[in-house]
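> With the hints as extra help, turn the sequences into a complete structure.
If you read the protein sequences in the order shown, they are chains E, F and Z.
If you're matching positions, the first sequence starts at 1 in the numbering used here and goes up one per residue.
If you're matching positions, the second sequence starts at 1 in the numbering used here and goes up one per residue.
If you're matching positions, the third sequence starts at 1 in the numbering used here and goes up one per residue.
Hints in this document: simulated from the structure, not taken from any laboratory.
The beta-carbon is built from N, C-alpha and C at its ideal position, and this holds for glycine as well.
Hints are not guaranteed to be accurate.
Here are the simulated BS3-like pairs of lysine-lysine, each with C-alpha atoms no more than 30 Å apart in a straight line [as the list claims (entries may be wrong)]:
1. Lys-76/E to Lys-136/F
2. Lys-190/Z to Lys-393/F
3. Lys-311/E to Lys-3/E
4. Lys-178/F to Lys-274/F
5. Lys-164/Z to Lys-393/F
6. Lys-119/Z to Lys-274/F
7. Lys-76/E to Lys-151/F
8. Lys-322/F to Lys-153/E
9. Lys-119/Z to Lys-278/F
10. Lys-322/F to Lys-61/Z
11. Lys-150/F to Lys-76/E
12. Lys-312/F to Lys-26/F
13. Lys-61/Z to Lys-278/F
14. Lys-61/Z to Lys-274/F
15. Lys-151/F to Lys-153/E
From the structure, some residues in chain F lie toward chain Z, with a derived Cβ separation under 10 Å [as the list claims (entries may be wrong)]:
16. Pro-36
17. Val-211
18. Glu-214
19. Tyr-216
20. Asp-220
21. Asp-222
22. Thr-228
23. Lys-229
24. Ile-249
25. Gly-258
26. Ser-275
27. Leu-279
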Amino acid sequence: MGKENIRTLFILTICLGIFPFFIRGDYYLSIMIFIGINAITVMGLSLLMGYAGQISLGHAAFLGIGAYCSGVLPVKFGFSIFTAFLCGLFLSAIMAMAIAIPTLKLKGHYLAVATLGFGEIIYIIFNELLEITGGPSGLSGIPSIHFFGYSFKGGVRYFYLVWAIAILLLIFSLNVIHSRIGRALRAVHGSEIAAEAMGVNVSQFKIQVFVLSALYASVAGSLYAHFITFISPPTFGLFVSILLLMMVVIGGGVSIWGALLGAGILTILPEYLRAFKDFDILIYGIILMAILLFMPEGILKGLTVIVKWIKKK
Amino acid sequence: MKKSWIAFLTMVLCTVFISPGWAAHKIGFVASITGPASWLGEPQKNTALMLQEWINAAGGIKGVPIEIMIEDSKGMEADAVLATKKLIEKDHVLVVIGSSTTGESMAMVPICEGAETPMISMAAALSIVTPEDETKRMEASATPWLEVPKKQRHLIFKVAPPDASAVEKIYIYCQAKKINKVAIITVSAGFGVEGRRQLKRLAPKYGIEIVADELYGPRDTDMTVQLTKIKASPAQAVINWSVGPTQVIVTKNWNDLGMRGKIPLIQSHGFGSKSNIKLAAGAAEGVITPLGRVLYAEKVDPKNPQKEVILKYKTEYEKRYKSDVSTFGGHAYDAIMMVVDALKAVGPDKKQIRDYLETKIRNWPGTGGMYNMSPVDHTGFGADGFEMIEVVKGEWEFAK
Amino acid sequence: MTLFSQILQFLFTGLTIGSIYSMVGLGFNIIYNATTVLNLAQGEFVMFGGLIMVFLTAVLKLPLFIGFPLTVIAVTAIGALFERFAIHPLRNASLLTLIIVTIAASILFRGIAMFIWGKDPYSLPPFTPGAPVMIGGAVIMLQTFWVLGTTLAIVVLMTLFFGKTIVGKAMSACSFNPMAASLMGIHVRKMILTSFALSAGLGAVAGIVITPISLMDYDRGPMLAVKGFCAAVLGGLGVGYGAVLGGFIIGILESLTAGLVHSGFKDAVALVILLFILCFKPSGIFGSEEVSKVKKF
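Structure below.
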């Protein structure tokens, strides 16, 4: 996996492990839980965008599929939480394949356009299927997670659950990147024609990565549903899809660590901006523009450059 | 290596927050000030700021000032949840007032219940204060329109009139006018969905038949198509349920299609803002709507026990903010003043405040109506908060 | 009201809203042609057009025929500034970053609009006052004729511009091959700036003519951008008149779906059409396969 990645992973795990002992309070834990959930989705997106070079403009739809399966199936149909979770994964995978197979055979960025359409249609479905999803008023009463009697309701427990899953997925992602598959992906991103010439089945890889990224989002969606216990369609709309994109790009799209950083920053930023009351949207927009203009490769690269520059002096 | 260190140090640094605290009674206030429901949250925020000033200028509560900590939920439940957690945990508020919409309030309920903090929602749905199983029992009954809840959530209250009350007022009016075939046109977002549900549920109670059921999206800019279908139907009146600009567009389209006089337009109580009349540029003449008394406070009978409260609120709000008062801002007024009364009586104790709200808010004049809270009713009032109003020459007049 | 009149009514509604999608789609295409960037802030130009016009006529009390060109100039300036300060510095960045910048700009524009005008919707008086016209049992507002007329005028103007004028032909050249174009002495940078300015102007016109019918508020942009984008893809990304046809098709189909099927699915129409086109002819109605393969997007 690469020594430096292992080292960082280790440090990250330790820090997360001791976090609840240093910073007490449900509020901060909740923020970290949201960061964890976003990080999971963003990891998947980063594999798609950074390594396979494809854009998804409707990824929040997969978040929604995971969340609504985990919500609707137990609440309306009495499924167990785990079964509902698996259904979410299954449905996300099928939908991802349904979009990816026709569009990824083509050259160019048709996937982006298709995901835009897909995202909006899923949103409309969530809104219109009143009897099942509760429509615009949302679905409440989603049960919290319990395994064999141990309940994951409280802040600290959920924090560990989310981040344990996030770390596991992080390890998995890093392994993928450093494997044959990862190298194939980067070849594809670099030049599809060259990769094809080298014997890489480009379409197949692109489809697989897209499905994988959809699965990540589904997991995140399920975790979200069980955490807030109430979901409604706007949480999975175009705005969120774009926010996810921003997290990847602003953090530093080409690296998983960058994506994590992006998730962290864009989740915390609105909380920071609470203090600005009416101006918060304006300042948010300004900060985003500033980051994009001055650090177009993302904050991670940008900070690295700054550190190197300081070191030279 | 360096990359990842930086990545994480930045994250660690980001989680450092500082907060001072002072000796004031802290009241948490969550509203959707920006975002899709900002037409609810903005007047609520304004009201909160105004009331904070009034109360503190009069010496606060036995000399202690109140501090209304206002948070913006942006209309999203994740933000409402975070805001509530922050208020309870970081700011140590005594009560949480909010939020403006049903969805967000539903997400906030488990948090307030978990933190044993009383909550007063400014949203409409009964399900906010009624536990799940009780709601299911009422819905499963043979005559759901006659059911009343027998249990309420211990810590949760609300001040906004349920949509059902507005619908009942409208249907009573229709009965009086011998209208028994109506068309409904509703927005496919929270407010409209709830209204549509109530319109359909209560129709049989008043012998009303719904002959057309049209929908439109919250961002739609033209409803001519839906109204055309309604115009071709046997409807004797059309009821629109939405808030925001879509109400005005429906009114304009209805006017342009020449439906006035043939199929009267009845708007929901969300129509209650003069700016809607102005934006409709004359198209709103003859529109009928059930409105809370605060909007036409001057015309209300002086013997009405609400008169003093609503007149003062309306005059002061309009003077200070140079914009029309709204019933939504009134919800904030009612919630905050209830808490203030509780604080005056029992002081800064969460449990006692909750008990006060449940037992001592009786015949309490608010902007929305006369409140009567009880252990089986945490909403306080019903259809009597509304009057049927007609737009005549651009003004609110009592409908005949 | 007979079925025929109903359908006629739906048709007119569809044409009206379709015109707006067309103009947004045209704006998309112009920028796409010059830069292969998808300007997702296109909807905000429409929004600014409407709101600035409201400011000039309602607050400064300027008459219509002065307010109209002033508004267009103002929004054109916004488009040009946007290109100078946000697009140009990033010209070497990846396509994705550029698209994200347009998204960030859209957020910023909305923040500014909310700051200045608040969240309330605003209206404009119709260009010509008067009662609606009855045609075949359908009711047509006078403003609708203005919308359709303006769209037609724009299409004619754009065709002349791109086909006959030097600047227009230069812009087309840039879109086919920027390197070759610059070798021929075309100042590519200026062309890019012009494309943004032009798109902004188009957006402004759309915003001004539609506000009397459907009001305008700070948040109108994103939905228009999505639908205008669908119109552009439907017609063939990069093909000018394709977007116009695409816009009308989407507008009419939306209207007919809402009228004859179920009004809840209206918004899905544009997107279903989008997916449909992608499955069968991704380059759009007028687009050509080879050209779309060569372009970056």
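> Now, for every hint given, state plainly whether the structure supports it.
Hints, verified against the model:
Annotation: proposed proximity of Lys-76/E to Lys-136/F holds, straight-line Cα distance about 12 Å (limit 30 Å). The suggested pairing of Lys-190/Z with Lys-393/F is violated, with an alpha-carbon distance near 55 Å, which exceeds 30 Å. For the hint linking Lys-311/E to Lys-3/E, the alpha-carbon distance of about 23 Å falls within 30 Å, and the restraint holds. At most 30 Å may separate the alpha-carbon atoms for a hinted pair to count; Lys-178/F and Lys-274/F meet this at roughly 29 Å.
Proposed proximity of Lys-164/Z and Lys-393/F is contradicted: the alpha carbons are some 54 Å apart, above 30 Å. The suggested pairing of Lys-119/Z with Lys-274/F holds, with an alpha-carbon distance near 16 Å, which does not exceed 30 Å. As the CA atoms of Lys-76/E and Lys-151/F are separated by approximately 23 Å, the hinted pair is consistent with the 30 Å bound. This hinted pair does not check out: Lys-322/F and Lys-153/E have alpha carbons roughly 47 Å apart, beyond 30 Å.
Restraint check for Lys-119/Z and Lys-278/F: satisfied, since their Cα atoms lie roughly 16 Å apart, inside the 30 Å limit. The straight-line distance between the Cα atoms of Lys-322/F and Lys-61/Z is roughly 21 Å, inside the 30 Å bound, and the hint therefore holds. A distance of roughly 24 Å separates the Cα atoms of Lys-150/F and Lys-76/E; the hinted pair therefore holds under the 30 Å criterion. Taken as a hint, the Lys-312/F and Lys-26/F pair is honoured in the structure, with Cα atoms around 25 Å apart against an allowance of 30 Å.
Only pairs whose Cα atoms come within 30 Å are accepted, and Lys-61/Z paired with Lys-278/F is accepted, the gap being roughly 17 Å. Between Lys-61/Z and Lys-274/F, the direct Cα distance comes to roughly 22 Å. Compliance with the 30 Å bound is thereby established for this hinted pair. For the hint pairing Lys-151/F with Lys-153/E, the CA-to-CA distance comes to about 25 Å; that is within 30 Å, so the pair holds. A hinted interface residue such as Pro-36/F counts as satisfied when its beta carbon comes closer than 10 Å to some beta carbon of chain Z; here the least separation is about 8 Å, so the hint holds.
Checking Val-211/F against chain Z by beta carbon gives a least distance of about 14 Å; that is not within 10 Å, so the hint is violated. The interface hint given for Glu-214/F holds, since its Cβ lies 5 Å from the closest Cβ of chain Z, which is under the 10 Å cut-off. Hint status for Tyr-216/F relative to chain Z: holds, with the closest Cβ pair at about 6 Å, below 10 Å. Among the interface hints, the one on Asp-220/F holds; its C-beta lies about 7 Å from the nearest C-beta in chain Z, closer than the 10 Å criterion.
The interface hint given for Asp-222/F is met, as the beta carbon of that residue sits about 6 Å from the closest beta carbon of chain Z, less than 10 Å. Because the beta carbon of Thr-228/F sits about 5 Å from the nearest beta carbon in chain Z, less than 10 Å, this interface hint is met. Of the supplied interface hints, the one on Lys-229/F holds, with its beta-carbon coming within about 6 Å of a beta-carbon of chain Z, less than 10 Å. About 6 Å separates the beta-carbon of Ile-249/F from the nearest beta-carbon of chain Z, less than 10 Å, and the hint is met.
Given hint, Gly-258/F at the interface with chain Z, holds; its Cβ is 6 Å from that chain's nearest Cβ, closer than 10 Å. This hint holds: Ser-275/F has a C-beta 7 Å from the nearest C-beta of chain Z, less than the 10 Å allowed. At about 5 Å, the closest approach between the beta carbon of Leu-279/F and any beta carbon in chain Z falls short of 10 Å, and the interface hint on this residue holds.
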